[in-house]
Amino acid sequence: MSSEQKKVMMEVKNINLRFGGVIAIQDVSFDIQEGEIRAIIGPNGAGKSSMLNVINGFYHPQEGEIWFRGEKRPSMEPYEVAKTGIARTFQNIALFKGMTTIENVMTGRQLQMSKNFFWQLLRYGPAIEEEVKHRKRCEEIIDFLEINHIRKSPVGSLPYGLQKRVELARALAMEPDLLLLDEPMAGMNVEEKQDMSRFIIDVNEEFGTTIALIEHDMAVVMDLADRVVVLDYGKMLADGTPKEVQSNQSVIDAYLGVAH
Amino acid sequence: MDLLTGIFITPFAEMIGLPDLFFQALWDGFVSGTLYGLIALGFVLIFKASGVFNFAQPILVVLAALALISFYKMGVPAWISVVLVLIMFYGLAWLIERLILRKLVNTDGNILFMSTVALSFIIIGAAQWIFGGRPSSMIHKELGIPTGSFEWPMFGGGVYFDLLDISAAVVAVILIVCLGLFFSRTKIGRGLRAVADDHQAALSVGISLNQIWVIVWFVAGVVALVTGIFWGARSDVSFALQIIGFKALPVLIIGGFTSVPGAIVGGLMIGIGEKIFEIYWGPLLGSGVEGWFAYFIALGFLLFKPQGLFGDKIIERV
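Chains as they are written, first to last, in the numbering used here: chain A, 1 to 260; chain B, 1 to 318.
So here's chain B without its partners, still in its complex pose:
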């Protein structure tokens, strides 16, 4: 009986009883959710365009953050450092296309996947060699991203807003809107959608797969940089940061591997869901719920809706 009340009554009573706390949990969840969504977005972009699950995406986040800090430490102004990182990522995208994708086009998806596993370890090795392995702190203040927090009175209590979180959410929204416009309106964006849909047909109307792949990997790099700046600002920048990259996996399973809106909605669902669950149902199950909640939900999706909320249903003719 106690258990049932604990599951079905107490949490909701608390939500209604302390609305400010509930709202705080929602907000915190929303912020983590946008960042999960951003990481997932990097995966989705590459998966759509080249059908590869890019294992190296999380390490790109770390690489972006480390490179940014290193350029700044070398005395380059913060914003110029950002530009330098972007140039570096364009070069990297070009190299990856030249050395890996072009050679492996038309091979099995597993081969491409394994090549991204290899790629991620090469990047880890190279990054450790160049930037060293010590954690360092993000230069978000130097980039002009506001920090500090304020309390907003609400529902008789108060809700804390971190300025960094607000900027992260705003930047995430701007990035997503820009990507949306890019995909739907520009020539390159349309070409990208065409490649995502059918390689042969795209080639036959004059779209170069190679060019599109470079652009996609570059865009994924841009997303990685933004993610790296904001995740790096919340904790230190180190190779451990790549672990959050794997939070994107359940997000992808829920949202669908091929859907940009799916990445965002999936991210928000995981972010908000795990916060709420941790706070209201966590005590029943002991702590650490936040660690496995996302995977638990993902497992449910795999069993009952394997294509995710927005993904393409894959029907194979037998």
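Excised from the complex, chain A in its bound form:
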């Protein structure tokens, strides 16, 4: 982040999320500033994915507020959240397995498509122009993420690392203001991780997309993130720059497994 002005894009305040008697998130608050890469880290079961699902609308917290672009957000369904300019990828890859790479990426344009139903049906007139326009944007994103060689391959048969990249491409096709990445590098080898890190930085710098990501690999997080939130057992442990967080005693304890 080069610019000095720090505008808050999203703020979550005192989020409490329970599943029956299980407390997934307890009184967590933090903000995401425009243009930054924000990491959410923590051991397994810390509530990281739950947090992303709250922001994304998959889960609805029992208590707490979400402020987005200076306004308090009402309870929303995921498809409504998508309309507000928030895109995401999933920990366990949720791609349309029956479709090719380009088709998957094109679904990211779904919201930008107009509704001229009959022209689309006949593939005539304004529908063609629109299709070409969206297609072009998708091809650019595919080029950008270097997955040109698999444009026409059904994604179900692609190796894991490439599927992750297709999922990122689909999210980018939505041209989001805020991009949520749930463990974008899970299960990747070192080389794939480096590629993915580079793409995330490029997306952030070239498109100016604000990114919130969950990651396990501390080294990766320290390289990528501007600021880090640490969760443990659903609670906030620390919030700050990678350096600050790294030297925080309770974070060290949580990661090294010191008796609580």
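Since the hints were made in silico from the structure, they are not lab data. Beta carbons are placed, not taken as given, at the ideal position from N, Cα and C, and that holds for glycine. A few of these clues could be false.
[What the hints assert, rightly or not] Here are the simulated distance ranges between beta carbons:
hint : chain 1 : residue 1 : chain 2 : residue 2 : range
1    : A       : Asp223    : B       : Leu99     : 47 to 53 Å
2    : A       : Lys152    : B       : Leu99     : 39 to 45 Å
3    : A       : Gly161    : B       : Val171    : 44 to 50 Å
4    : B       : Gly157    : A       : Glu139    : 57 to 63 Å
[Stated by the list, open to error] Using 30 Å as the maximum straight-line C-alpha spacing, the simulated BS3-like pairs for lysine-lysine come out as follows:
hint : chain 1 : residue 1 : chain 2 : residue 2
5    : A       : Lys72     : A       : Lys97
6    : B       : Lys305    : A       : Lys152
7    : B       : Lys187    : A       : Lys152
8    : A       : Lys133    : B       : Lys187
Got chain A sorted already, so can you dock chain B onto it with the hints?
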């Protein structure tokens, strides 16, 4: 020896000896096949989009046919009646989404299935209450669908073509082509395919499951109406009509529950297969072959190719 000749020689000799009869059987089978395919298509659409085997699909066929006739009897012009039935089905789709699907989303497939069983009995009850239980005849003539038949000289004999059958086949083909274009080209169609593939991913790109479900149930209703008109025209319209709905089961097993082309190909295979088998091998086994042939073939598929010809192979990681 007689049996072997009966199985392996006589039928083929007859096919070659009387090609006009063979062609007639093919045509008749083709026509029933397209109609089986249409019914199966209704099941496939809903199964793809919401993962539910919709037990109520056959009763939707009856409901569509009965409603159409009732509107006409009330003095509404035939084509306006069709429009009214479509509006009614849109309302029904909306109600089903609101009252059933939305509440049961993310529950087990069996629960959803049982809810469609309940739904079908509710519809039967309501339809009997509103339209009465007496069989009535379809208004296809009033809709301008040609009737009558003609003989076309062929292979030294003649083949009978029913104009109603020809229209049924033509309409079925048009409907299937339109659905194909709808799925591949329109925004809604693409959204529908996305939902069929992965709910979470569809939601994350901004597709509303609720809206898609209403549309799918409505489209299934449109397919039910077309099926109801043409099946109703061949026999009377009564609640017994729903039994043909279950002919769709073997079709689905053969074609695969998730494949639109599978429904069509499966339908044609059953339609043509049962006609040919009935005529040429039926005498060996006694009559009534047409009744069980489809299920026999389906059983074979279940044993050796359970995902059907075009269905998605479900591999579960252990």
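Q.
Flag every earlier hint the structure violates by its number, smallest first.
A. Per hint list: single violation, 5.
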